[in-house]
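So the sequences go chain by chain: P and E. If you're matching positions, the first sequence starts at 1 in UniProt numbering and goes up one per residue. If you're matching positions, the second sequence starts at 1 in UniProt numbering and goes up one per residue.
I should point out that these hints are in silico values taken from the structure, not numbers from a laboratory. Don't take each hint at face value.
In silico DMTMM-like pairs for lysine to aspartate or glutamate, Cα to Cα no more than 25 angstroms straight-line [said to hold, decoys possible]:
1. K42/P with E125/E
2. K7/E with D7/P
3. K3/E with D7/P
4. K188/P with E83/P
5. K7/E with E83/P
6. K188/P with E43/E
Between beta-carbon pairs, the in silico distance windows are [said to hold, decoys possible]:
7. A162/E with E83/P: 25 to 31 angstroms
8. G56/P with R129/E: 34 to 40 angstroms
9. A81/E with P262/P: 48 to 54 angstroms
10. E26/P with T9/E: 44 to 50 angstroms
11. Q118/E with D120/P: 41 to 47 angstroms
12. E83/P with A126/E: 17 to 23 angstroms
We put the beta carbon where it would ideally sit given N, CA and C, even for glycine.
Here is how the chains run, residue by residue.
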Amino acid sequence: MIPGSFDYHRPATVQEAARLVASLGEDARVVAGGHSLIPMMKLRMAAPAHLIDLQGVEGLAGIAVSGGEVRIGAMTTQHMLIEDAALAQAAPLVREAALQIADPQVRYMGTIGGNLANGDPGNDMPGLMQCLDAAFTLVGPEGARQVRAREFYFGAYDTARAEDEILSEIAFSGHAGAGYAYEKQKRKIGDYATAAAAVLLRMEGGRCAAASVAMTNLADRPIFSQAAADALVGSPLDAAALDAAVAAMQGDIAPGADTRGPVEFKRHVAGVMLRRAVARAASRA
Amino acid sequence: MSKMHVKLTVNGKAVEALAEPRTLLIHFLREELGITGPHIGCESSHCGACTVDMGGRSVKACTMFVAQANGAEITTVEGLAAADGTLHPLQEAFREHHGLQCGYCTPGMITRAYRLLQENPSPTEAEVRFGLAGNLCRCTGYQNIVKAVLAAAPVMQAQKEAAE
């Protein structure tokens, strides 16, 4: 499989990268780890005339944890997320999810920024970042702006990022003290989720005091389900509350049938994932 | 769409060539440099037969443009044995424990296991299986591959300690 020809650019700063993106226009694609884009280029489903490689951009990879606040550069790989001790302390949910993405080789190359910016509904990080209520920094010719993860995704490959913007940083608050779980059903290592659930919750006096629920690969975008969280809050996480949360979540998702199964199956698996995630999060709260 | 000048270090040797940016690293290694240890299996980032070590990372050379690898240090299975031909402990362990049958996945398996054991010098069986999850083998059922990697770990560690 031979991809189409392109000119290769390796800018050294994010400003230079943004200028290239702006001047080369829609013939250009930004590449991070390349593990979504390159397979598409090999199939000639993508054929950019210019490839702008972000690997040389200074300061775009790295994890900073300070006062419970987490900032992650867009070029930080899944492998780096897994290996970072401070991140594992502040937001262990991220490590738990990153370990369930793809396989070791892909995790050495695949980046959090690529996973988030691509807008593939199968990607795990978008739902995870909605669960964490993260904010994304987008750098464009006019400067930088922030967009919340919960407002970033419009549909498959359709996001709030403009063509001439580059996702540079992800920021969220750590969840120390909260119960957490990322439950993902997949057919095999390396596959996208049939269904996945990200859950954070806090318990007080045997009752759920706060909750956040997001689902992956169950619509054309990640699904942050406020209704599912509302069904959990105030309850002792008993069977009635879990049933209500699953029903609320199922009201928010809209899975399509594909090789991972028919719609009814996916809705069923989504419920199983949410129940497991809540149970495991509660056991850690 | 002109060719670009690429400079790499492959198995300790400096390499320079003119290449189209779109050339996949696996094609560059095999066709331009004649390094045919890394194999082309699925060509779709799944099977791991093309795995090489690049700057301390196991990567699938079928999912990497030579342009991206420009400036990198790459080790393939050819670079693991000693200069006098003495097999690397992983190669020796694969032979000893029958960790291969047809051999197609073996270069990728060994190159991946090499990086895994640098990062985790004494893994559990579960950690070996998880660490090799990006490499497919259709012959062995993995049992003897896992055995070989577990057997190579203490040998590699002893060699490292002896060298220090």
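Against the structure, the hints come out as follows:
1. K42/P with E125/E: Outside the cut-off at roughly 35 angstroms; violated.
2. K7/E with D7/P: This hinted pair holds, its Cα atoms lying about 17 angstroms apart.
3. K3/E with D7/P: holds (9 angstroms)
4. K188/P with E83/P: Satisfied, since the Cα-Cα distance of roughly 23 angstroms is no more than 25 angstroms.
5. K7/E with E83/P: violated (30 angstroms)
6. K188/P with E43/E: holds (18 angstroms)
7. A162/E with E83/P: 25 to 31 angstroms: holds (27 angstroms)
8. G56/P with R129/E: 34 to 40 angstroms: Taking Cβ atoms as reference, G56/P and R129/E lie about 35 angstroms apart, which means the hint holds.
9. A81/E with P262/P: 48 to 54 angstroms: holds (51 angstroms)
10. E26/P with T9/E: 44 to 50 angstroms: Since the Cβ atoms of E26/P and T9/E sit about 36 angstroms apart, the hinted range of 44 to 50 angstroms is violated.
11. Q118/E with D120/P: 41 to 47 angstroms: Cβ of Q118/E to Cβ of D120/P: about 31 angstroms, so the range 41 to 47 angstroms is violated.
12. E83/P with A126/E: 17 to 23 angstroms: This hint holds: roughly 18 angstroms between Cβ atoms.
Of the numbered hints listed earlier, those contradicted by the structure are 1, 5, 10 and 11.
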